[in-house]
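With these hints in hand, go ahead and build the complete structure from the sequences.
Residue numbers (the working numbering), protein chains in the order written: chain L, 592 to 876; chain C, 196 to 471; chain R, 20 to 406.
Because the hints were derived from the structure by calculation, they are not lab data.
All figures in this text were calculated on a predicted structure; none of them were measured in a lab.
Among the hints, erroneous ones may be present.
[Said to hold, decoys possible] Reference excerpt, derived from the structure (chain L facing chain R, CB under 7 Å, subset only): (1) 652; (2) 654; (3) 658; (4) 722; (5) 724; (6) 742; (7) 820; (8) 828; (9) 838; (10) 840.
[As the list claims (entries may be wrong)] A few chain L residues that don't get close to chain C, going by computed Cβ distances all over 12 Å: (11) 641; (12) 653; (13) 708; (14) 729; (15) 730; (16) 731; (17) 738; (18) 739; (19) 762; (20) 831; (21) 847.
[What the hints assert, rightly or not] Computed footprint of chain C on chain L, listed as stretches where at least three residues anywhere in the stretch have a Cβ under 8 Å from a Cβ of chain C: (22) 672-681; (23) 684-695; (24) 803-812.
A virtual CB, placed ideally from N, CA and C, is assigned to each residue, including glycine.
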Amino acid sequence: MFRPPTHVAPASYMSFVLIWGLVALLPTAGLLLWSTLTMENFQIVWEPSLQAYRDVLSSGRWQVTIRTLEIAAIVTLIEILLAVPFALWLAKGTKSAGVRTVSLALLTIPFFLSLSSRTIVWRGVLGLNGPINAALLQLGIIQEPLDWLLFSQFSVILGLIGPYFPTMVFPLYLAFMLIDDEVLAASKDLGASPAFTFWNVIVPLGLPGLGAGIVFTFVPMIGDPVVPELLGGGNVVVLSASVQSLLRILNYTVASALSVLMLVILVAMISLVAAITARFAKGGL
Amino acid sequence: MSNRQPTINPIPHWSEKHGWRRLGAVTGFIALSFIFAPILWLVVMSVSEDPLSGFPGPFTLTYYGQLLEQTGWVDPLLNSVAIALGVAVVSMIASTLIGRAIPRIRRGQFTLTGVMLLPMMIPGVVIGTALFLYFRVGLDMKLGLWSLFLGHLIWAFPFSFLSVLIVALRFDVRLLDAAADLGSGPLERFWRVELPQLKDGIISGGLFAFLLSFNEIARSIYLRGKTETLPIYLWQQAASHSSHVPLIYPLNVLILIVSSALVALAFWVLFGRTKT
Amino acid sequence: MKKSSSSLLTRRSVLRAGAALGGAALASPFYARNAFAATGKVRVLGVTTVALPAWDGFMADTGLEIEFVPIESNPGLYVQEVIANEAGDDFDLFIFDGGIEDRLGASGHFQALDPAAMKMWDKVSADVKASPLLQGPDGTQYGAPIVFNADSFGYWVSDDMPAGEDLSWGMVFENEAMLGKVALEDTWLTTMPNAALYLKGKGAAIGDPSNMTPEEAKMVVDFLIERKKAGQFRAFWHSYEESVDMLGNQEAMIEECWEPVVKQLQREGKDVAYANCSEGYSKWMIGAYLPSQAEDERLARAYTAIDWFLGGDYGAQIAVNQGYATANPEASLQFAADNGWDAEQTAAIEDNMAKVERKMALPDYWQNASPDHVDVIESEWARFKQA
Numbered sequence: 592m593f594r595p596p597t598h599v600a601p602a603s604y605m606s607f608v609l610i611w612g613l614v615a616l617l618p619t620a621g622l623l624l625w626s627t628l629t630m631e632n633f634q635i636v637w638e639p640s641l642q643a644y645r646d647v648l649s650s651g652r653w654q655v656t657i658r659t660l661e662i663a664a665i666v667t668l669i670e671i672l673l674a675v676p677f678a679l680w681l682a683k684g685t686k687s688a689g690v691r692t693v694s695l696a697l698l699t700i701p702f703f704l705s706l707s708s709r710t711i712v713w714r715g716v717l718g719l720n721g722p723i724n725a726a727l728l729q730l731g732i733i734q735e736p737l738d739w740l741l742f743s744q745f746s747v748i749l750g751l752i753g754p755y756f757p758t759m760v761f762p763l764y765l766a767f768m769l770i771d772d773e774v775l776a777a778s779k780d781l782g783a784s785p786a787f788t789f790w791n792v793i794v795p796l797g798l799p800g801l802g803a804g805i806v807f808t809f810v811p812m813i814g815d816p817v818v819p820e821l822l823g824g825g826n827v828v829v830l831s832a833s834v835q836s837l838l839r840i841l842n843y844t845v846a847s848a849l850s851v852l853m854l855v856i857l858v859a860m861i862s863l864v865a866a867i868t869a870r871f872a873k874g875g876l
Numbered sequence: 196m197s198n199r200q201p202t203i204n205p206i207p208h209w210s211e212k213h214g215w216r217r218l219g220a221v222t223g224f225i226a227l228s229f230i231f232a233p234i235l236w237l238v239v240m241s242v243s244e245d246p247l248s249g250f251p252g253p254f255t256l257t258y259y260g261q262l263l264e265q266t267g268w269v270d271p272l273l274n275s276v277a278i279a280l281g282v283a284v285v286s287m288i289a290s291t292l293i294g295r296a297i298p299r300i301r302r303g304q305f306t307l308t309g310v311m312l313l314p315m316m317i318p319g320v321v322i323g324t325a326l327f328l329y330f331r332v333g334l335d336m337k338l339g340l341w342s343l344f345l346g347h348l349i350w351a352f353p354f355s356f357l358s359v360l361i362v363a364l365r366f367d368v369r370l371l372d373a374a375a376d377l378g379s380g381p382l383e384r385f386w387r388v389e390l391p392q393l394k395d396g397i398i399s400g401g402l403f404a405f406l407l408s409f410n411e412i413a414r415s416i417y418l419r420g421k422t423e424t425l426p427i428y429l430w431q432q433a434a435s436h437s438s439h440v441p442l443i444y445p446l447n448v449l450i451l452i453v454s455s456a457l458v459a460l461a462f463w464v465l466f467g468r469t470k471t
Numbered sequence: 020m021k022k023s024s025s026s027l028l029t030r031r032s033v034l035r036a037g038a039a040l041g042g043a044a045l046a047s048p049f050y051a052r053n054a055f056a057a058t059g060k061v062r063v064l065g066v067t068t069v070a071l072p073a074w075d076g077f078m079a080d081t082g083l084e085i086e087f088v089p090i091e092s093n094p095g096l097y098v099q100e101v102i103a104n105e106a107g108d109d110f111d112l113f114i115f116d117g118g119i120e121d122r123l124g125a126s127g128h129f130q131a132l133d134p135a136a137m138k139m140w141d142k143v144s145a146d147v148k149a150s151p152l153l154q155g156p157d158g159t160q161y162g163a164p165i166v167f168n169a170d171s172f173g174y175w176v177s178d179d180m181p182a183g184e185d186l187s188w189g190m191v192f193e194n195e196a197m198l199g200k201v202a203l204e205d206t207w208l209t210t211m212p213n214a215a216l217y218l219k220g221k222g223a224a225i226g227d228p229s230n231m232t233p234e235e236a237k238m239v240v241d242f243l244i245e246r247k248k249a250g251q252f253r254a255f256w257h258s259y260e261e262s263v264d265m266l267g268n269q270e271a272m273i274e275e276c277w278e279p280v281v282k283q284l285q286r287e288g289k290d291v292a293y294a295n296c297s298e299g300y301s302k303w304m305i306g307a308y309l310p311s312q313a314e315d316e317r318l319a320r321a322y323t324a325i326d327w328f329l330g331g332d333y334g335a336q337i338a339v340n341q342g343y344a345t346a347n348p349e350a351s352l353q354f355a356a357d358n359g360w361d362a363e364q365t366a367a368i369e370d371n372m373a374k375v376e377r378k379m380a381l382p383d384y385w386q387n388a389s390p391d392h393v394d395v396i397e398s399e400w401a402r403f404k405q406a
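Set out below in structure tokens:
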């Protein structure tokens, strides 16, 4: 039987899709089931109920989804502003293989070190008696130490910038790397200004990378328990903390309901990002 | 003073324009200092007599000596490396299979992509619990190394999948037609035409998978059975009622040194030499 | 409509066939698989609080090796490990925060202790043995006392707050002079009963701080929210390290915390003290429990281990390092004397004995990880954290 050379045998990928369904999707679907049951005295009550969702509303827990999304969105935006120029420079700006290698290595190494040891260091720096407050007091800029430097939304955002920078750079770098130098040269030869080339050639071609970068950065941040716990000092309650508190008393149903709520929001947002990316990527070409 | 030179072409190649380069280097420098200032501090404190005091010095290597005497961290480290390697290899193979297929299937591209990415959007503790309930309570299986591997794979695979997908979306399938016209068979087409084009995405994906697995903790707590990984070990040390932090600092520094050497070597081989 | 209730973690034997996939062989790494069959080894699953830096003394005294697998102090996690993970197959002894036996004893996962099997049992004071954190609701003795204490708060010593004097929990919860300078532990388990203790002392209608009704929980949280809005609390800590850090760096001047935090800061030369409370303390106990699966040889080894934990070597080390109380302080003193410990170390053990006597005498509460209305209490706590 004739197969065109571009044909992919369904068996090659469907087998993994099947495994994925069994080990990843079924357990995830289980969350939906849990969220429609209730717990009484550490026991599950097998009776459909929306009690778990009502609890999410009445305890004010739904607010953690909003706060978590807000923090993740701010940090993701900061990462885009920092990472796009850097990834572009890395992929197309520098001609030195050494600089490129060292930069990429520097972005990779932090993954080997535990996030908590890296994060806890900020506490000394941002604390009431830390060097920043000491310097500001010394200079007479402030009379009292600033208490919002630490254990605040500010410190959480600051602490998240470092750990989630590489996840934004990698996919962007990969996407920029794939842009043919000749396309850029052609754009120049046709008289396009650098800004025009950036917006009309590089951005559309780099969009899949940006989309992936947003997903890589935004989504794991939603579930990050370490930075908000260490730098939020319990004043910034995010999703992971709220879920953990529920799991300590084996309250699976409310934990599931809260997660389902976040999942629905995330899927909606990511679909939107993907749709926009797809449209612009096509339009740009 | 700017060192602008008179030039024949009034519009320079954008990548030759200094403003862009400087901006890229500056933002990179800012972000990297955010990452590495804490790490340097960690190094300094690891050789300080009182690492918790917040002030460096007087300097000593005592804690390194103690670390080498206490070998509790060796087994967890080996477990972590073994799991991360397995996750990386399986992620690379699976992402290649699916990543190359998605741009070429006619229907359900979007759904299939979504289905592959779904588990990464659930907070770690929740997916850990969901998997625990499924395997342990539902299927009555004893947890251990394999469930850690599976939990990490579910976490890491979407990332490596996306890495491959970025590259695969840009792959011109007409090259395969051309290769077929020139008489090469399916295996040769894959090996000599397709794979070289996808290589960067696959390798980055594998690397990503390794790193994500190596540092994973939220899912591991629920899936470990009796097995300890390095992050679990470190976290337990920090949670105990007496301070083991002096040993965590030098351990992190040792990992820093070894991983730096490995990463530098790997990157030089993979990216540094080939593209100049 | 009828409610059908079944145990959350019931095993489904129907699906047993699936177990073949994940047999014990895969459950442990290939290079550590020998652990399961080892003889002459006692395997302990215990909270990190009770761990020693080295177990040389244990091996020398008992002739047994010990494999201590640490677990986080988290009731949800114990229940999972014991019921769903059947940890009793793999471990000879559990050392968990007391209170858990109410649930796991009744469900048949723990077996009752046999006093005759332990040499040291009779030397443990009856009060300690009778703690509700070691016995089931029906009085069955499931646990042996390993480590216990009465918690209060640490503070920087000043004229207003001298060391050694009785202080009120109001210093923590209602202290206009210390707005924004108080740190709390980030859990309902200690912070809500402590606040309840204070309010009760002021005359509020609260029965048992460790087993509050929904109305009492709401009242306590309303009070806490009011104090939070007033700016009383600087931050909430989650781990030992964090709490050391917060009080030590004067991020907080008063901190609801564990006693070793203060011990450690005092060793660093900092002028901090651990409060004596006028209203009472948050008492807790970590007990050793026998899994129902332990039989014959395994059971004998487990009893040998419990005996050692009740003895002087362990007690002396815990008293000096952490300032916690153990079951048999006289044996600790004896051990210190026999081994030529210096006066300072011996004094630490004696101080500890005096402290335990004073603190345990006060009317107070035992920490309760599973109060009757735990879901409501946790939910109220979430409301406080959100506010």
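Okay, the hints, checked on the actual structure:
1. The restraint placing residue 652(L) at the interface with chain R holds, with a minimum CB-CB distance near 6 Å, inside the 7 Å limit.
2. The criterion of a C-beta within 7 Å of any C-beta in chain R is met by residue 654(L), whose closest approach is roughly 6 Å, and the hint holds.
3. For the restraint placing residue 658(L) at the interface with chain R, the shortest Cβ-Cβ distance is roughly 9 Å, beyond the 7 Å limit, so the hint is violated.
4. A hinted interface residue such as residue 722(L) counts as satisfied when its beta carbon comes closer than 7 Å to some beta carbon of chain R; here the least separation is about 12 Å, so the hint is violated.
5. A least Cβ separation of about 11 Å between residue 724(L) and chain R goes past the 7 Å threshold, and the interface hint is therefore violated.
6. Among the interface hints, the one on residue 742(L) holds; its C-beta lies about 4 Å from the nearest C-beta in chain R, closer than the 7 Å criterion.
7. Evaluation of the residue 820(L) hint against chain R yields a held restraint, the C-beta minimum of about 6 Å falling below 7 Å.
8. A cut of 7 Å between beta carbons decides the hint on residue 828(L): the least distance to chain R is about 5 Å, and the hint holds.
9. A cut of 7 Å between beta carbons decides the hint on residue 838(L): the least distance to chain R is about 5 Å, and the hint holds.
10. Evaluation of the residue 840(L) hint against chain R yields a held restraint, the C-beta minimum of about 5 Å falling below 7 Å.
11. Every beta carbon of chain C lies more than 12 Å from that of residue 641(L), the smallest distance being close to 19 Å; the non-interface claim holds.
12. The Cβ of residue 653(L) sits about 15 Å from the closest Cβ of chain C, beyond the 12 Å cut-off, so the non-interface label holds.
13. Once the 12 Å rule is applied to beta carbons, residue 708(L) is inconsistent with being away from chain C; the minimum gap is 5 Å.
14. At the 12 Å boundary, the C-beta of residue 729(L) stays outside the reach of chain C, the nearest C-beta of that chain being 17 Å off.
15. Every CB of chain C is more than 12 Å from the CB of residue 730(L) (nearest about 21 Å), matching its label as outside the interface.
16. The beta carbon of residue 731(L) sits about 24 Å from the closest Cβ of chain C, which is more than 12 Å, so the claim that it is off the interface holds.
17. The Cβ of residue 738(L) sits about 18 Å from the closest Cβ of chain C, beyond the 12 Å cut-off, so the non-interface label holds.
18. Distance check for residue 739(L) against chain C: the nearest CB is about 19 Å away, which clears 12 Å, and the non-interface claim stands.
19. Once the 12 Å rule is applied to beta carbons, residue 762(L) is inconsistent with being away from chain C; the minimum gap is 6 Å.
20. The Cβ of residue 831(L) does not lie farther than 12 Å from every Cβ of chain C; its closest approach is about 5 Å, which violates its non-interface assignment.
21. Residue 847(L), annotated as away from the interface, has a beta carbon of chain C within 12 Å; the closest lies near 7 Å.
22. For a cut-off of 8 Å, the count of residues in the region 672-681 of chain L with a CB near a CB of chain C stands at 9, and the three-residue condition holds.
23. Counting residues of the region 684-695 of chain L whose CB lies closer than 8 Å to any CB of chain C gives 10, which reaches the minimum of 3, so the coverage claim holds.
24. Only residues whose C-beta sits within less than 8 Å of a C-beta in chain C count toward coverage, and the region 803-812 of chain L has 5 of them, enough to reach three; the restraint holds.
In summary, the structure is inconsistent with hints 3, 4, 5, 13, 19, 20 and 21 from the numbered list given earlier, while agreeing with the others.
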